[in-house]
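Which chain is which? The protein sequence lines are A and B, in order. What the first sequence shows, in numbering that gives the first Met the number 0, is residues 0 to 291, in sequence order. What the second sequence shows, in numbering that gives the first Met the number 0, is residues 0 to 291, in sequence order.
Calculated from the structure, these hints are not laboratory results. Check the hints yourself; a few may be wrong.
[Claimed, not checked] Think about it this way: if two alpha-carbon atoms lie no more than 27 Å apart in a straight line, the pair counts; the simulated DSSO-like pairs of lysine-lysine are:
id: 1; chain 1: A; residue 1: Lys78; chain 2: B; residue 2: Lys68
id: 2; chain 1: B; residue 1: Lys120; chain 2: A; residue 2: Lys61
id: 3; chain 1: B; residue 1: Lys178; chain 2: A; residue 2: Lys1
id: 4; chain 1: B; residue 1: Lys280; chain 2: A; residue 2: Lys61
id: 5; chain 1: B; residue 1: Lys6; chain 2: A; residue 2: Lys61
id: 6; chain 1: B; residue 1: Lys276; chain 2: A; residue 2: Lys276
id: 7; chain 1: A; residue 1: Lys61; chain 2: B; residue 2: Lys114
id: 8; chain 1: A; residue 1: Lys78; chain 2: B; residue 2: Lys1
id: 9; chain 1: B; residue 1: Lys1; chain 2: A; residue 2: Lys6
id: 10; chain 1: B; residue 1: Lys78; chain 2: A; residue 2: Lys68
id: 11; chain 1: B; residue 1: Lys6; chain 2: A; residue 2: Lys78
id: 12; chain 1: A; residue 1: Lys68; chain 2: B; residue 2: Lys68
id: 13; chain 1: B; residue 1: Lys61; chain 2: A; residue 2: Lys120
id: 14; chain 1: A; residue 1: Lys78; chain 2: B; residue 2: Lys61
id: 15; chain 1: B; residue 1: Lys1; chain 2: A; residue 2: Lys68
id: 16; chain 1: B; residue 1: Lys61; chain 2: A; residue 2: Lys1
id: 17; chain 1: B; residue 1: Lys78; chain 2: A; residue 2: Lys61
id: 18; chain 1: A; residue 1: Lys1; chain 2: B; residue 2: Lys276
id: 19; chain 1: B; residue 1: Lys68; chain 2: A; residue 2: Lys61
id: 20; chain 1: A; residue 1: Lys1; chain 2: B; residue 2: Lys78
id: 21; chain 1: B; residue 1: Lys276; chain 2: A; residue 2: Lys6
id: 22; chain 1: A; residue 1: Lys1; chain 2: B; residue 2: Lys274
id: 23; chain 1: B; residue 1: Lys274; chain 2: A; residue 2: Lys6
id: 24; chain 1: B; residue 1: Lys6; chain 2: A; residue 2: Lys1
id: 25; chain 1: B; residue 1: Lys120; chain 2: A; residue 2: Lys78
id: 26; chain 1: A; residue 1: Lys126; chain 2: A; residue 2: Lys6
id: 27; chain 1: A; residue 1: Lys280; chain 2: B; residue 2: Lys61
id: 28; chain 1: B; residue 1: Lys61; chain 2: A; residue 2: Lys61
id: 29; chain 1: A; residue 1: Lys68; chain 2: B; residue 2: Lys61
id: 30; chain 1: A; residue 1: Lys6; chain 2: B; residue 2: Lys6
id: 31; chain 1: B; residue 1: Lys1; chain 2: A; residue 2: Lys1
id: 32; chain 1: A; residue 1: Lys276; chain 2: B; residue 2: Lys61
id: 33; chain 1: B; residue 1: Lys6; chain 2: A; residue 2: Lys68
id: 34; chain 1: B; residue 1: Lys61; chain 2: A; residue 2: Lys6
id: 35; chain 1: A; residue 1: Lys6; chain 2: B; residue 2: Lys120
id: 36; chain 1: A; residue 1: Lys276; chain 2: B; residue 2: Lys6
id: 37; chain 1: B; residue 1: Lys274; chain 2: B; residue 2: Lys114
id: 38; chain 1: A; residue 1: Lys274; chain 2: B; residue 2: Lys178
There are 2 protein chains.
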Amino acid sequence: MKLENLKMFCLVVDEGSISQAARLSFLSQPAVTRQIHQLENYYNTLLFDREEGRLRVTEAGKLLYPFAKAIVNDFNHSKVVIQQSTGEYNANLIVGASLTIGEYLLPSLLGRFKKQQPEIKVTLTIKNTPRVLEDLSNDVIDLALVEGLVENTDFIVDKFAEDELILVCPSDHPWKDRKEIQLEELGNERMIWRESISGTRLIVENMLREHGVLEKIESYMEIGSTQAIKSAVEAGLGISILPRLTVARELEQGFLCKVGISRIEITRNLWLVRKNKRFNKIGVSKFVDFLR
Amino acid sequence: MKLENLKMFCLVVDEGSISQAARLSFLSQPAVTRQIHQLENYYNTLLFDREEGRLRVTEAGKLLYPFAKAIVNDFNHSKVVIQQSTGEYNANLIVGASLTIGEYLLPSLLGRFKKQQPEIKVTLTIKNTPRVLEDLSNDVIDLALVEGLVENTDFIVDKFAEDELILVCPSDHPWKDRKEIQLEELGNERMIWRESISGTRLIVENMLREHGVLEKIESYMEIGSTQAIKSAVEAGLGISILPRLTVARELEQGFLCKVGISRIEITRNLWLVRKNKRFNKIGVSKFVDFLR
DNA sequence: CATCGGGTATAACAAAACGTTATACCCAGA
DNA sequence: TCTGGGTATAACGTTTTGTTATACCCGATG
Chain A
0 MKLENLKMFC LVVDEGSISQ AARLSFLSQP AVTRQIHQLE NYYNTLLFDR EEGRLRVTEA
60 GKLLYPFAKA IVNDFNHSKV VIQQSTGEYN ANLIVGASLT IGEYLLPSLL GRFKKQQPEI
120 KVTLTIKNTP RVLEDLSNDV IDLALVEGLV ENTDFIVDKF AEDELILVCP SDHPWKDRKE
180 IQLEELGNER MIWRESISGT RLIVENMLRE HGVLEKIESY MEIGSTQAIK SAVEAGLGIS
240 ILPRLTVARE LEQGFLCKVG ISRIEITRNL WLVRKNKRFN KIGVSKFVDF LR
Chain B
0 MKLENLKMFC LVVDEGSISQ AARLSFLSQP AVTRQIHQLE NYYNTLLFDR EEGRLRVTEA
60 GKLLYPFAKA IVNDFNHSKV VIQQSTGEYN ANLIVGASLT IGEYLLPSLL GRFKKQQPEI
120 KVTLTIKNTP RVLEDLSNDV IDLALVEGLV ENTDFIVDKF AEDELILVCP SDHPWKDRKE
180 IQLEELGNER MIWRESISGT RLIVENMLRE HGVLEKIESY MEIGSTQAIK SAVEAGLGIS
240 ILPRLTVARE LEQGFLCKVG ISRIEITRNL WLVRKNKRFN KIGVSKFVDF LR
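Model the full assembly from the supplied sequences, consistent with the hints where possible.
Here it is in structure tokens:
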């Protein structure tokens, strides 16, 4: 037995007419007739007397009415209550991001998203990529924004942006007016690196190794923070290869200079990663849409 | 949404297992899985966490449970209440019968039926056939037992027995030792008739007219009661043609004699008539079954 | 460590249910 | 008598619901 039958029964009783009930529910009259018949068959009794083409509720119908009403009301109420509870659940969104993305790209992005969806409470947690993906696995975060490849096949992975790794030097460096240099020239410079487990550093090293110049480059300094690297480069301590995202402002304001490397371009994708769930928070789908 | 889904949800919560719920409801496990999925889709939220192959009710599930329980309970209650009300309705049975059937056949029949279905309160009303059928039309009686043809096509008509019209004479009548007489011999006898509107009389007259002897028979007396006719015949006032039913006892005890008429046999069907309703009182179907 | 038994999810398919249109019928009112 | 509003029924296509077969995961057991 369907709840729709009981709902329809109430409507027919209230309206006193099957046709009218059909119109109000945007159904054909035979459909409603059948729904009532099903109820009558189920209870094995007439619910309406059909006399002179008109309906009159029978005794059994009068008995059924309050039950039907109560059931339909409870059911509607249950919808509201659950919607509310999932509404609270849906009202927040926890984003996890890797360091680069989280520190340089996401703040403005989240600002714009928040302006578009002010009712969603957004939280941002920044960790390195493996930790972020671990959080995603454990449902600590709702979605992850990372660079670098994601291997877990249980995740849904979409590219949402690109970033470029670029060579930057101090504004008073001899290369400052050159459009581009040859890769081999790097050997003469003091290179400042991120710590060795950094995804960014891995990519750069791979690239240099492929071109056979990695060994020739002096590892002058290792610094665990992008911001510190930028300051070091600005201070003339060396050069570095950094995501364009992180140095956009410094380039613009002339504190740092970008120098191209001939025939080399290191772009990498930025990935939006989420769990393959049957039900997502509304914020997740909203944010995914927003990123397109 | 079906009430079965809510019922099933309660069961799964109670049992803590989809497979167990499936077994208890004699359904396949995929069927139950899908029912739960439908609920989850309807409420657009998970109701169970599937972890390590085990189910754990979610927050939303916990919220839904009391509603589901209440709805299922109300629904069950509604069934009981309506069954009770129709039960009272079903507890009685009003039978209408024509005079002959009602006075001679039905008393013992109803006695046996009552023994078989003691909980059904049976009422018998006896009128002539047209009146009985009128009562059936107006729902004054639940079923009718009549002889003679029923024309109304809205009725369901089933033959439930046969009756024979037989010639009876006093026990001291000259014919008393004869197996049968010739039709023509009737002309010499004093025939006692029922009143002219009697169905029985019509049948007999038709038969006699077909054989061309009706005009030759003296209409000696008209009496409006079968019982009175029997007494008149016993008293030697004449002979009569009566339903075997009505004279069975007198024949047995020798107060009257049956005399066959050569080549003539007047059997007629006794009809069980009922309205073509979608829902019948239980007593009606029980009585119909009983008569087979 | 492989295997087994219990659990859930999914695909594919047959059977049942549901809504549709077309149609019949009945009754009241013009 | 015809029309308009009502209900019931038949026929038909689509959707839903159950089934079996199958995959997969996990914990227990040999």
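Okay, the hints, checked on the actual structure:
1. Lys78(A) to Lys68(B): Holds, at about 14 Å.
2. Lys120(B) to Lys61(A): The given pair, whose Cα atoms are some 25 Å apart, holds under the 27 Å limit.
3. Lys178(B) to Lys1(A): 71 Å, violated
4. Lys280(B) to Lys61(A): Holds. Lys280(B) to Lys61(A) sits at ~19 Å (cutoff 27 Å).
5. Lys6(B) to Lys61(A): 25 Å, holds
6. Lys276(B) to Lys276(A): 53 Å, violated
7. Lys61(A) to Lys114(B): Judged against 27 Å, a Cα distance of about 35 Å means the pair is violated.
8. Lys78(A) to Lys1(B): Measuring from Cα to Cα gives roughly 14 Å; hence the hint holds.
9. Lys1(B) to Lys6(A): 12 Å, holds
10. Lys78(B) to Lys68(A): Judged against 27 Å, a Cα distance of about 14 Å means the pair holds.
11. Lys6(B) to Lys78(A): Judged against 27 Å, a Cα distance of about 16 Å means the pair holds.
12. Lys68(A) to Lys68(B): Judged against 27 Å, a Cα distance of about 16 Å means the pair holds.
13. Lys61(B) to Lys120(A): 25 Å, holds
14. Lys78(A) to Lys61(B): 13 Å, holds
15. Lys1(B) to Lys68(A): Holds. Lys1(B) to Lys68(A) sits at ~16 Å (cutoff 27 Å).
16. Lys61(B) to Lys1(A): 23 Å, holds
17. Lys78(B) to Lys61(A): 13 Å, holds
18. Lys1(A) to Lys276(B): 25 Å, holds
19. Lys68(B) to Lys61(A): Distance of about 24 Å is within 27 Å: holds.
20. Lys1(A) to Lys78(B): This hinted pair holds, its Cα atoms lying about 14 Å apart.
21. Lys276(B) to Lys6(A): 26 Å, holds
22. Lys1(A) to Lys274(B): This hinted pair is violated, its Cα atoms lying about 31 Å apart.
23. Lys274(B) to Lys6(A): 31 Å, violated
24. Lys6(B) to Lys1(A): 12 Å, holds
25. Lys120(B) to Lys78(A): 48 Å, violated
26. Lys126(A) to Lys6(A): At roughly 52 Å apart (the allowed maximum being 27 Å), Lys6(A) and Lys126(A) break the hint.
27. Lys280(A) to Lys61(B): This hinted pair holds, its Cα atoms lying about 19 Å apart.
28. Lys61(B) to Lys61(A): 33 Å, violated
29. Lys68(A) to Lys61(B): Between Lys68(A) and Lys61(B) the Cα gap is close to 24 Å, so the pair holds against 27 Å.
30. Lys6(A) to Lys6(B): Satisfied, since the Cα-Cα distance of roughly 18 Å is no more than 27 Å.
31. Lys1(B) to Lys1(A): 4 Å, holds
32. Lys276(A) to Lys61(B): 20 Å, holds
33. Lys6(B) to Lys68(A): 18 Å, holds
34. Lys61(B) to Lys6(A): With Cα atoms ~25 Å apart, Lys61(B) and Lys6(A) stay inside 27 Å; holds.
35. Lys6(A) to Lys120(B): Roughly 37 Å between the alpha carbons, so the hint for Lys6(A) and Lys120(B) is violated.
36. Lys276(A) to Lys6(B): 26 Å, holds
37. Lys274(B) to Lys114(B): The given pair, whose Cα atoms are some 25 Å apart, holds under the 27 Å limit.
38. Lys274(A) to Lys178(B): Since the Cα atoms of Lys274(A) and Lys178(B) sit roughly 101 Å apart, the hinted pair is violated (cutoff 27 Å).
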